[in-house]
Structures are given as C-alpha cells and as structure tokens.
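Engineer: Below, each chain spelled out in residue letters.
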Amino acid sequence: MSSKRHSVLPAVDRSGPKPPVNFSTSLTISDNAVLQGTHSITMQAETVVHPRSRIESSVGSVLVGRRCIIQERVHLGAPSDNQDKGTGGVSLGDYVLIEAGSIIEAGGTEIGEGSIIQVGSKIGSGAKIGKNCTVSHLSVIANGDVLPDNTVVYSNGTRRTDKRGTPELRKLSIVKQIAMLRKMIPSNPDKFR
Amino acid sequence: MSRRPAKGDYIETDTGNKVSRKAVLVGTQNIMLGGKTVIQPEVMIRGDLVRTAQAQPPSGGSAAPPNTTAVAIGRYCFLARTVLLRPPGRIYKGVFTYMPLRIGDHVFIGQGTVVQAASIGNHVYIGKGCVINEFAIIKDYVKVLDGTIVPANMVIPSFSIVAGKPGRVVGELPDGAHDEFELRDLYKTVGNNPQPAAA
Chain Z
1 MSSKRHSVLP
11 AVDRSGPKPP
21 VNFSTSLTIS
31 DNAVLQGTHS
41 ITMQAETVVH
51 PRSRIESSVG
61 SVLVGRRCII
71 QERVHLGAPS
81 DNQDKGTGGV
91 SLGDYVLIEA
101 GSIIEAGGTE
111 IGEGSIIQVG
121 SKIGSGAKIG
131 KNCTVSHLSV
141 IANGDVLPDN
151 TVVYSNGTRR
161 TDKRGTPELR
171 KLSIVKQIAM
181 LRKMIPSNPD
191 KFR
Chain X
1 MSRRPAKGDY
11 IETDTGNKVS
21 RKAVLVGTQN
31 IMLGGKTVIQ
41 PEVMIRGDLV
51 RTAQAQPPSG
61 GSAAPPNTTA
71 VAIGRYCFLA
81 RTVLLRPPGR
91 IYKGVFTYMP
101 LRIGDHVFIG
111 QGTVVQAASI
121 GNHVYIGKGC
131 VINEFAIIKD
141 YVKVLDGTIV
151 PANMVIPSFS
161 IVAGKPGRVV
171 GELPDGAHDE
181 FELRDLYKTV
191 GNNPQPAAA
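Just so you know, the protein sequences line up as chains Z and X, in that order.
For what it's worth, UniProt numbering labels the leading residue of the first sequence as 1, then goes sequentially.
For what it's worth, UniProt numbering labels the leading residue of the second sequence as 1, then goes sequentially.
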C-alpha cells in the first residue's frame, strides 16, 4: 500500500440537462458543485459556491445576488411537491448566506438581502423571506409564507423581530468570509459553461 | 479462496480505520484519523477549510511549520451516514479564519448530524439529526439526544444529557451508564467482513 493516498472524491451525479449559465467573472464556484436544469442560472459578483452544493433550475430560473455564500449540500431550486405551486424559480438578494444542508424550493421563492438561512433549514415553494432575516437551524418555512424584514425564526417556528440593528456588521462578516473562501476553494466556472 | 477478494465497500487502513468509498472527504491531507474509526457512506468532512490565521509563535522560538490539521478524530469513533463535519469559522484579529475541529475517542455521531464544534471530548454520544454549532465544546461522557441544536459557543460539562432546540442540559448520566459509550463492538459490525453484533 502506498504511504501517500490521493483520494478522489466519488463522482457526482451529473445526469440531466446542462443549464445555460450567466456567471460573473469574480464568482468562486467549486467544480464539485452540481448545476442542473433547463432554465438559466445567474450568479453575480463575488458569490462563493461550496463543493457538493446542488443548484437546480428545472422549475424556473435561479438568480443568486452579489456576495452570497452557498455552502455544501444546499439544494437551491428543489422541485416542490406542492401542487398549486407558483411559477418561477428562486431569487436570492445580495449578501445571502445559505448554510450547509438547507433546501430552498423553487416556485417564485425570494430571499431578501442580508438574510441567513442556517444549517438544515427548508424554505418552501413561493416563500418570501424579507431583508436581514435569520432562519435558524432545522427550521421549516411553509410554502408561500411571508417573513417581514428582520425576522428571526427559531426553536420550532417561533418568531421575533431582530431589533439589534446590526445588518452592516453582518455584511462585513460575510465580506471577510468571502475574502478567505476565494483563496481556499479552487474555482472552476468554465466547467459549467 | 483462490480468487482475490472483490473490492469492498470500505477502505480499511493499516491503523484500522474503515472509510466508506462513498464518503466525501474533501482535503484529505488535513484530516487526521486516530485509528479504528468508522466512516459510513455519504459522510462529508471538510478538511479543506483549514486555519489561515496562524497563532503567534512563542517568543524566541523559531517559526514552527504551520499546523494545517482541520479535522482531528480519535480512536473508535463512529460517523453514521450523511454526517457532515466542518471546522468552525469566525473572525479572528480582523480576518475570517477556520479553526480546527477536534474529536476525542469513542465518539458516536448519528445520522444526518452536522458538527461545527471546536472540540468534542471522549465517550460522547450524539444522536440523529443534531446540529452542533460553531465553537461548541463538549466534554467527556456526554449524551446529546436526537434532534438537538447545540447553540454556538456552548460548553457542555461532563456527564450531561443535552436535548432541545436550542439545546439545554436536561439531566445527568447515572453512575452505571458509562459502558454504553464503548464503541469497540460497534466497530466490528461494519466493514468488509462485518462480524455479527455481540449478543
């Protein structure tokens, strides 16, 4: 057995159509991300996409704003089992952080600027998340639900308004995180073109 | 058997680690496994998120080679399916940096759990579907029940039982309950030549 083991990641399932993409030149996207679907996928400046995240545009187009972070195992634009789902895809504002394992369903779903979706949450089809919201870990937002700006969802769906007024600090922290991730994650946007 | 054995589902290393071929280990050079650790399919470990800000070397000492371990796991740990280990990150001296994630010996982590703790002690049981947040510190002999969300920066003392969203200490382990943390038998039940569980 050789002493140096160079492990290769198991192959990712890349079946399905390759979507038309519209990438900013300053995008950082791991070549282990999965992009699928037929509608367009747009990613704006300085966004970071971690390995093994899945972005699907089979229901509608996907728009990711500036300086967003999409972590591993996120499924953006998942098809919804909701029958009367709205048309359209997913749209993320600027400075949106989507943490590991979250599922964002397609169908006119919108997430406002500066919001954080924490680990393992599920955002239903057509939900509208306002600006600077926090959806804490393992929360489920129902289909078509509307969260006003600065809402915090925690502990099995309890809600309150964030009155700390620190969205600027939060953005600063995302900017710093992106500055480091851009050096750390090998980017290969050409693979998806 | 005369034929060479077929390629198994697990890679068994010299030190007895059993790593599923379907596990996703990113940045393997920064992941340390202590030996006899089981990594089941679809586990993901983010070894690529290494510390970038280095601690100041002790005064007078020469600059040591940077320590790039992102995830360190002890002996007889068991990572069930779809577990995600990712080092915790925070802003340190004005720049964002990831910090190492350390896991002790005999640690069981249940299905679908996401761990971003700073350190987990020895003989810890973490149930299914938990989230252990950034810089949480779990000491020895702790039981985290299924579906718990351990908040960021929480320190869980030894011999605690933790549950809830957000997680709170809900009880204390009784004196006789230490044996169930022993993972040697569980280790034998997986791999390419699994042994039946001891009765």
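Source of the hints: derived by calculation from the structure; they are not laboratory data.
Glycine residues also receive a C-beta, built at the ideal position from the N, C-alpha and C atoms.
Please note that the accuracy of each hint is not assured.
Keeping only pairs whose Cα atoms sit at most 30 angstroms apart, straight-line, the calculated DSS-like set for lysine-lysine is [unchecked claim]: (1) Lys93(X) with Lys171(Z); (2) Lys139(X) with Lys128(Z); (3) Lys165(X) with Lys131(Z); (4) Lys163(Z) with Lys122(Z); (5) Lys163(Z) with Lys139(X); (6) Lys122(Z) with Lys18(Z); (7) Lys176(Z) with Lys191(Z); (8) Lys128(X) with Lys22(X); (9) Lys183(Z) with Lys22(X); (10) Lys188(X) with Lys128(X); (11) Lys183(Z) with Lys188(X); (12) Lys128(X) with Lys139(X); (13) Lys171(Z) with Lys188(X).
Far from chain X by the CB rule (all over 10 angstroms, computed), these chain Z residues [as the list claims (entries may be wrong)]: (14) Gly93; (15) His137; (16) Ala179.
Engineer: Next, verify each hint and record whether it holds.
Structural biologist: Comparing the hints with the structure gives:
1. With a C-alpha separation of about 17 angstroms, the suggested pairing of Lys93(X) with Lys171(Z) holds against the 30 angstroms cut-off.
2. Straight-line distance between C-alpha atoms of Lys139(X) and Lys128(Z) comes to about 40 angstroms, which puts the hinted pair past the 30 angstroms bound.
3. With a CA separation close to 24 angstroms, the supplied pair Lys165(X) and Lys131(Z) stays within the 30 angstroms bound.
4. Of the supplied pair hints, the one linking Lys163(Z) and Lys122(Z) holds, its CA atoms being roughly 24 angstroms apart against a limit of 30 angstroms.
5. Proposed proximity of Lys163(Z) and Lys139(X) is contradicted: the alpha carbons are some 34 angstroms apart, above 30 angstroms.
6. Distance check on the hinted pair: Lys122(Z) and Lys18(Z) sit about 25 angstroms apart at the alpha-carbon level, within 30 angstroms; holds.
7. With a C-alpha separation of about 26 angstroms, the suggested pairing of Lys176(Z) with Lys191(Z) holds against the 30 angstroms cut-off.
8. Our distance criterion of 30 angstroms between C-alpha atoms is met by Lys128(X) and Lys22(X), whose separation comes to about 20 angstroms.
9. For the given pair, Lys183(Z) sits about 27 angstroms from Lys22(X) by alpha-carbon distance, which is consistent with the 30 angstroms threshold.
10. Among the hinted pairs, Lys188(X) with Lys128(X) is consistent with the structure: their alpha-carbon atoms are about 21 angstroms apart, no more than 30 angstroms.
11. A hinted pair counts as satisfied when its Cα atoms are at most 30 angstroms apart, and Lys183(Z) with Lys188(X) does not qualify at roughly 41 angstroms.
12. With a C-alpha separation of about 19 angstroms, the suggested pairing of Lys128(X) with Lys139(X) holds against the 30 angstroms cut-off.
13. Distance restraint check for Lys171(Z) and Lys188(X): the Cα-Cα separation of roughly 48 angstroms exceeds the 30 angstroms cut-off, and the hinted pair is therefore not satisfied.
14. Under the 10 angstroms C-beta cut-off, the non-interface status given to Gly93(Z) relative to chain X holds; the minimum distance is some 21 angstroms.
15. Against chain X, the non-interface label of His137(Z) is violated: not every CB pair exceeds 10 angstroms, the least being about 5 angstroms.
16. Non-interface call for Ala179(Z) relative to chain X: violated, since the shortest CB-CB distance, roughly 7 angstroms, does not exceed 10 angstroms.
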